[in-house]
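Enquirer: Taken in order, these protein sequences are the chains called A and B.
So for the first sequence, the numbering used here puts the first residue at 9; every next one is plus one.
So for the second sequence, the numbering used here puts the first residue at 227; every next one is plus one.
Hints listed in this document are in silico derivations from the structure and should not be mistaken for laboratory results.
Virtual Cβ for every residue (Gly too), placed ideally from N, Cα, C.
There's no promise every hint is true.
As the list claims (entries may be wrong) - The calculated lysine to aspartate or glutamate pairs, modelled on DMTMM-like cross-linking and capped at a C-alpha distance of 20 Å, are: (1) B:Lys289 with B:Glu257; (2) B:Lys289 with B:Glu229; (3) A:Lys106 with B:Glu260; (4) B:Lys411 with B:Glu422; (5) B:Lys411 with B:Asp296; (6) B:Lys417 with B:Asp282; (7) B:Lys265 with A:Glu93; (8) B:Lys289 with B:Asp305; (9) A:Lys74 with B:Asp282.
To be verified - Some, not all, of what chain B presents toward chain A, calculated at C-beta under 10 Å: (10) Phe234; (11) Ser241; (12) Ser244; (13) Arg252; (14) Gln262; (15) Phe320; (16) Thr343; (17) Lys375; (18) Val376; (19) Ala378; (20) Phe421.
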Amino acid sequence: MAKTVVQEFTKGLWAEIPPFRLVLGLCPILAVTKSVENGVGMGLATTFVLVFSNVLISLLRNVIPKRVRIACFIVVIATFVTLVELLMQAFTYPLFLKLGIFIPLIVVNCVVLGRAEAFAAKNGVVASFADGMGIGIGFTLSLTALALFREVLGNGTFTVPITGATFSVFGPSFQPFSFMVEAPGAFVCLGLMLCIMNLFGNK
Amino acid sequence: MRELIKLFVVVTLFSSFSGGLLAAVRNGTQERIEYQQLKFVKGPALLQVLEGCSNDPLVDRFKISDGKTDRNFFVGIFDGRPSTVALEAFGKGFGGDIGVVVAIDLEDDKIMGIGVTTHSETPGLGSRAKTDPVLSSQFEALSIDEQFKVKADGGPIDAISGATVSSRGVCEAVAASVDIYRRLKAEITEKIKAFEA
Chain A
9 MAKTVVQEFT
19 KGLWAEIPPF
29 RLVLGLCPIL
39 AVTKSVENGV
49 GMGLATTFVL
59 VFSNVLISLL
69 RNVIPKRVRI
79 ACFIVVIATF
89 VTLVELLMQA
99 FTYPLFLKLG
109 IFIPLIVVNC
119 VVLGRAEAFA
129 AKNGVVASFA
139 DGMGIGIGFT
149 LSLTALALFR
159 EVLGNGTFTV
169 PITGATFSVF
179 GPSFQPFSFM
189 VEAPGAFVCL
199 GLMLCIMNLF
209 GNK
Chain B
227 MRELIKLFVV
237 VTLFSSFSGG
247 LLAAVRNGTQ
257 ERIEYQQLKF
267 VKGPALLQVL
277 EGCSNDPLVD
287 RFKISDGKTD
297 RNFFVGIFDG
307 RPSTVALEAF
317 GKGFGGDIGV
327 VVAIDLEDDK
337 IMGIGVTTHS
347 ETPGLGSRAK
357 TDPVLSSQFE
367 ALSIDEQFKV
377 KADGGPIDAI
387 SGATVSSRGV
397 CEAVAASVDI
407 YRRLKAEITE
417 KIKAFEA
């Protein structure tokens, strides 16, 4: 463990920001980023799962036998995902309705399993917590950025997360570029953002 | 062999802990989840049909088991008396089931109002059953002994033009809730007394 805790945290924000650098977890990125509110909600739900599963797996890393580690990781992750699902139903029901199937699908999000396998299973609790936080926040930021891009261009609106208030960005005469909020628009947006990310900081 | 047993024990322990934890959380949140579902799915239509009531019909509700299903009844308190009950039933529309809440006045057995909760009708045509009051307002103040049918079927209800099937579905749902109401009226009057202030 040459890196400090701070480095473990900050690497998730830029150097290893999940969808752009690791190119993992693209399914929710493409599917839920139709509006900023959905993007932030999905990002936070994933962060929650990531942090808790990282910490728990790191705590139990010496107990889990090597040969069944993936099964154990999945049980831990699925538990936290179901927890999030229940809590979202209880406290943020409208958001839960919008995200729908993508909440249970966090179980198979490769970012979460990837961090468990590649990091938490080999590192201490504090480092794993920092890693989970960093990657989670990085994931949330990417979803938000992509969603912002798509929602503003494709719908001409901006939805404030949590409050749900919607603003019209370009005024009523704006003709929505609706390609952006459809599925192909997600691919194009993601491709452009990957391109921009690679133009900057090609380390 | 020892190794194998260890694998087995670890996975079993993991799964049981996870199962236990989730069951506990589910128990803890169940009531809230049910309330949230009612609030966001049925809430808007319910508040519309029970407009002017002094209580929160989502909180003041009771269940009566009707055969195999438990039915939810929502109480509307007007002028300090729990005089109205609202219930939901379904009818077959054009694109699937149409859910309708019907508020019925217990004292004179008249319909106070109806509102569509869930539907999958054609946007712009059948969906007007929910958004346009032209259909739902026709049910107001009708007696429950009325025939709930559209004019094409010999009843008093004017169907939405272009959406006869959807209008028929709404009528069917209203007739179904009136049926339930008739069948369970004794129990409803019994249970609703608990809400008298």
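Enquirer: When the hints from earlier in the document are held up against this structure, which numbers fail?
Expert: Of the numbered hints, 2, 8, 9, 15, 16, 17, 18, 19 and 20 do not hold.
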